[in-house]
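Please model the entire structure based on the sequences and the hints provided.
Letter by letter, the sequence shown follows residues 1 to 450 in the working numbering.
Calculated directly from the structure, the hints in this document are not laboratory data.
Note that beta-carbon positions come from the ideal geometry of N, C-alpha and C, so glycine has one too.
Check before you lean on any hint, since a few could be wrong.
Label pairs and their calculated CB-CB ranges [to be verified]: (1) Q420 - Q125: 36 to 44 Å; (2) T436 - V259: 43 to 51 Å; (3) A97 - Q433: 26 to 34 Å; (4) G94 - F46: 35 to 43 Å; (5) V259 - I93: 31 to 39 Å; (6) N309 - G264: 31 to 39 Å; (7) S332 - P447: 13 to 21 Å; (8) W317 - L90: 23 to 31 Å.
Here are the computed lysine to aspartate or glutamate pairs in the DMTMM-like style, where the Cα-Cα straight-line distance is at most 25 Å [claimed, not checked]: (9) K37 - E426; (10) K37 - E393; (11) K135 - E249; (12) K190 - E382; (13) K423 - E391; (14) K357 - D64.
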Amino acid sequence: MAERVSEQELRRRAELPGKAAPGWHAFYRGKVETALKCAVTSFDDFGIWYTPGVAAPCREIKEDPSKVFDYTNKANAVAVVSDGSRVLGLGNIGPLAGLPVMEGKSLLFKYLGGVGAFPIMLDTQDPDEIVQAVKWIAPGFGGINLEDFASPKCFYILDRLRAELDIPVWHDDQQGTAAITLAGVINALKVVGKGMNDVTYTVIGAGAANIAFVRILLAAGVPAEHVIMVDSRGILHSGRPDLEERKDENPYKWHYAQVTNGEGRTGGIPEALSGSDVLIAASKPGPETIKKEWLQAMNRDAIAFFMANPIPEIWPWEAKAAGVRIVGTGRSDFPNQVNNSIGFPGIFRGTLDVFAKTITDEMAIAAAYAIAQTAEEKGIHEEYIVPTMMETEVFINEAVAVGLKAVEQGIARRPLPAEQLRKEAEGKIHRAQAETRILMETGHIPPPPR
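This is the structure we're talking about:
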């Protein structure tokens, strides 16, 4: 009976965020707005910040474009760009319905990473128009965060913009999710005493998040033949004619059908999970997308991350009952939140502080190891394999690791040593959090409705 009550309480808690969200959003009418970062001491200051004084830095930038980083907020400005074509687990809900998510993303950028971010919703779902729109707005930003674009066009958009812009372009559903997932895998395997290169990985879902995760996983040294991928039609393998027929439209799936699945398995999720050690699911929201009996076929001390939103593919307590030892989800109200919110604020902080020209896979891997080490230093266990969003040091550690990797790779316009990177990250992140705290304490940000 006690176990029954516990499950009911967990279900009740899982429903609370969704119940509270409409009221809170309406109360504040959104979550972000622009704010000043300069002093205004008298009427005369306006002549410096705007006309006529502002003409002087404009002329200098015209002569030397690199001075834009010195005279404007470009070095700390990120556009959170989306067309609303694949928002969380809600599907293609469009730019207006996707705006609350992008505002939330901008909030996390600012509060967790000290990064000034603003949502840009595009009223088009044509990939080439999206690329052109981002290129048009790019001069005003130091980085572009692509968010909630459907697969496979998300790959095309990212690849083109990374090739055609000289500022970092990042698709958080790809690289961000991959970085935090890798961090979770690193520490979970330490807890159960298994080696990264010795286990079998089952990856359920072959969209943007998991395609990028597998790429990052292999770049980190895991043998491709140890990975089994599953899409809506079954296990990826070289004998599937549907993948070959669409290889020009989605070359990424076709590529992994060739190089993964060393045993040549066929079938669906149950066949893929048999004898597996690590399960990474980023597929259809549950709670019964993945069944308990399928998990029972995994190896002893299994690890499983269920990252569909807003409801994971199976409830964590049901996965535990099926024998999974370490369970993670994308939600903050369960232990082990394996969510890209742990990654992108710190990754962009380090990227922007060195004026990096791009964000490489190696920078994402460096962030993953920084995330893992931050948790390990505190003491990892079955219900704590990655830090939470309230552990500010993880974002600072990521910023240092990412900035140093950018310097090492020769893509930093402003190479900084570790000490300076840490000082700058600490200052900007602590300032952002202090601003919010002061506004709350003085009543300018009232408490939410209860």
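Comparing the hints with the structure gives:
1. Q420 - Q125: 36 to 44 Å: For Q420 and Q125 the Cβ distance comes to about 42 Å; the hint holds.
2. T436 - V259: 43 to 51 Å: 46 Å, holds
3. A97 - Q433: 26 to 34 Å: 30 Å, holds
4. G94 - F46: 35 to 43 Å: Check passed, 40 Å falls within 35 to 43 Å.
5. V259 - I93: 31 to 39 Å: 34 Å, holds
6. N309 - G264: 31 to 39 Å: Given range 31 to 39 Å: holds, Cβ gap about 33 Å.
7. S332 - P447: 13 to 21 Å: 20 Å, holds
8. W317 - L90: 23 to 31 Å: 24 Å, holds
9. K37 - E426: 17 Å, holds
10. K37 - E393: The hint holds at about 24 Å.
11. K135 - E249: 23 Å, holds
12. K190 - E382: 10 Å, holds
13. K423 - E391: Holds, at roughly 17 Å.
14. K357 - D64: Since the Cα atoms of K357 and D64 sit roughly 17 Å apart, the hinted pair holds (cutoff 25 Å).
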